[in-house]
Amino acid sequence: MTQPLTTLRHRHLLGLATYSPEEIALILSTAREFREVLRRQIPRVPSLRGLTVVNLFFEPSTRTRISFELAEKRLSADTVNFASSGSSVSKGETLKDTARNIEAMKVDIAVIRHRSPGAAYFLTQCIDAVVLNAGDGAHEHPTQALLDLLTISDISPRFDGLNVSIIGDIMHSRVARSNLYSLTKMGVNVTLCGPKTMIPFGISQFGCRVTHRLEEALEGCDVAMALRIQLERQDTSLYPSLREYHNQFGIKPEHLDRYPSLRIMHPGPVNRGVELASEVVDHERAVILDQVTNGVATRMACLYLLAGGQNPASLAEIG
Amino acid sequence: MIQTEDHIKAQLMDAADLDRTLSRMAREVTEVFEPSTLSASNLALVGMQTRGVYLARRLHRKIREAENTSVNFGILDATLYRDDVRKRLHQPLVRRTEILFDVNNAHIVLVDDVLFTGRTVRAALDALLDLGRPSTIRLLVLVDRGLRELPLQADIVGRFVPTTLGEEVRVKLQEYDKEEGVWLVNVPSHKRKNGNNPDFGQRVHKH
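Heads up: the sequence lines are chains Y and A, in that order.
Quick note on numbering: the first sequence equals residues 1 to 319 in the working numbering.
Quick note on numbering: the second sequence equals residues 1 to 207 in the working numbering.
Hints are computed from structural coordinates only; laboratory data are not their basis.
C-beta: ideal position from N, C-alpha, C; glycine also.
Incorrect hints may have been included.
To be verified - The calculated label-pair distances, taken between Cβ atoms and stated as ranges, are:
(1) Asp84/A to Val80/Y: 18 to 28 Å
(2) Ser61/Y to Lys9/A: 50 to 60 Å
(3) Asp290/Y to Gly146/A: 44 to 54 Å
(4) Ala15/A to Gln125/Y: 48 to 58 Å
As the list claims (entries may be wrong) - Chain A is nowhere near these chain Y residues, computed Cβ spacing over 10 Å in every case:
(5) Leu70
(6) Met105
(7) Pro157
(8) Gly308
So here's chain Y without its partners, still in its complex pose:
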């Protein structure tokens, strides 16, 4: 890596595919300083005082929504929440019209979660606010990948040469996509593992290893990231049964015994007994709750760094 950056080159955070390693490093180092803020007696700083952030959650979310909301409050921003149920969306309003109405109420930053890939980008075309993607369909979930990187950097300060395996439904996972982009950029060796039906054809061209055997993914691996099996997608027969999935791809206590330095991560919510055995979730080498804690600091860093780019006329580079 070259000279450390002091500012982001992007105006929005839509995905990590276009972010440079230097920009990712800046977000991570800023997030580490915000962790110190969160440990204070008064875990709040006035950096975004006077700015208004709207949280547009068109898809159900608990962790991400609360995490973003806390991050905004810890930075002293004013927050407005929007959930699609009980809103004008259920009356048939389009995303564009919802966005334009919210724009008319003068918000500075919009956080969006939507089931359609590209929804966050579409929003940047409708409104002037800075946009943060909190998950758009199967496209990207950048803040999750960033908090994962922060958690990994606590395990090993050097990304270079580290081995991380992502296990589960790669095909439908925006978390996997954002993680794949960012991890490979930072020099991490990534292995993807799952049933053939869950791994997109040709994904290895992104610079990762692909295996369909869990043992191969765990051998020599520093961090195993298990993805959530979407129970609501069960009827699409991507795998024979939950029990069979657990037998073949679930991480079990014997794996922790066999690989004594292996750490377990999971973006949540966990299906106990499916992608992770219940004992594994509660094991001391599972850093799932550290991920959640790091989530607030990471989102504070993203909000703080992007809040400087509110003046659209001044920015040549949009992205």
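We have chain Y already, so just place chain A on it with the hints.
Leaving out everything else, chain A in the frame of chain Y:
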């Protein structure tokens, strides 16, 4: 390094001057407080990022050598407390804050290199008060260049240098800049960094 666009008007201090001034200020710090405060070790030096930290370290060493007493030491970054978020195009880098002693009832000496508009000090006071309720906070600066925008004054000043808006005071410290001394420079108008200038936000700078 002194930037090439800067026009040096005068060298205000060389390495030896700087050391003498710091020695004098270290004595002033110990004079300001009662002997009981010094011995109760609730005196603390807090350096402001970035160069204030190195100045505070040097003062800390001098006080410890002279008084044979333990003085607390901390690092403060007031970036998150600044008041210009809407004026900026880019956010300044967040640096480390590390205050491991108990701020409550402490006697704190805040250390910075240059006192100018007073806005950074205002931010630092807010940051400190969020960490607890110190008994007293005093301000120590190496150079007071005047042109305040807020009603704040330093308690201990290394040197008072009246300046104009076109000028800047550059403090260089061996530990950070690999050279040592204080200079008065002229800056071209497009690179000025004062509170009244509309392009204030474009540069990542305090004061």
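Verification of the hints:
1. At about 24 Å, the CB distance of Asp84/A to Val80/Y agrees with the hint of 18 to 28 Å.
2. Under the hint 50 to 60 Å, the C-beta atoms of Ser61/Y and Lys9/A, about 58 Å apart, fit the expected range.
3. At about 49 Å, the CB distance of Asp290/Y to Gly146/A agrees with the hint of 44 to 54 Å.
4. Checked against the hint of 48 to 58 Å, the pair Ala15/A and Gln125/Y passes, with Cβ atoms roughly 57 Å apart.
5. Every C-beta of chain A lies more than 10 Å from that of Leu70/Y, the closest at about 16 Å, which supports listing it as non-interface.
6. Distance to chain A confirms Met105/Y as a non-interface residue, since its nearest Cβ pair spans about 18 Å, more than 10 Å.
7. A cut-off of 10 Å between C-beta atoms confirms that Pro157/Y is not in contact with chain A; the least separation is 16 Å.
8. Distance to chain A contradicts Gly308/Y as a non-interface residue, since its nearest Cβ pair spans about 4 Å, not more than 10 Å.
The structure is inconsistent with hint 8 alone, although it conforms to all the rest.
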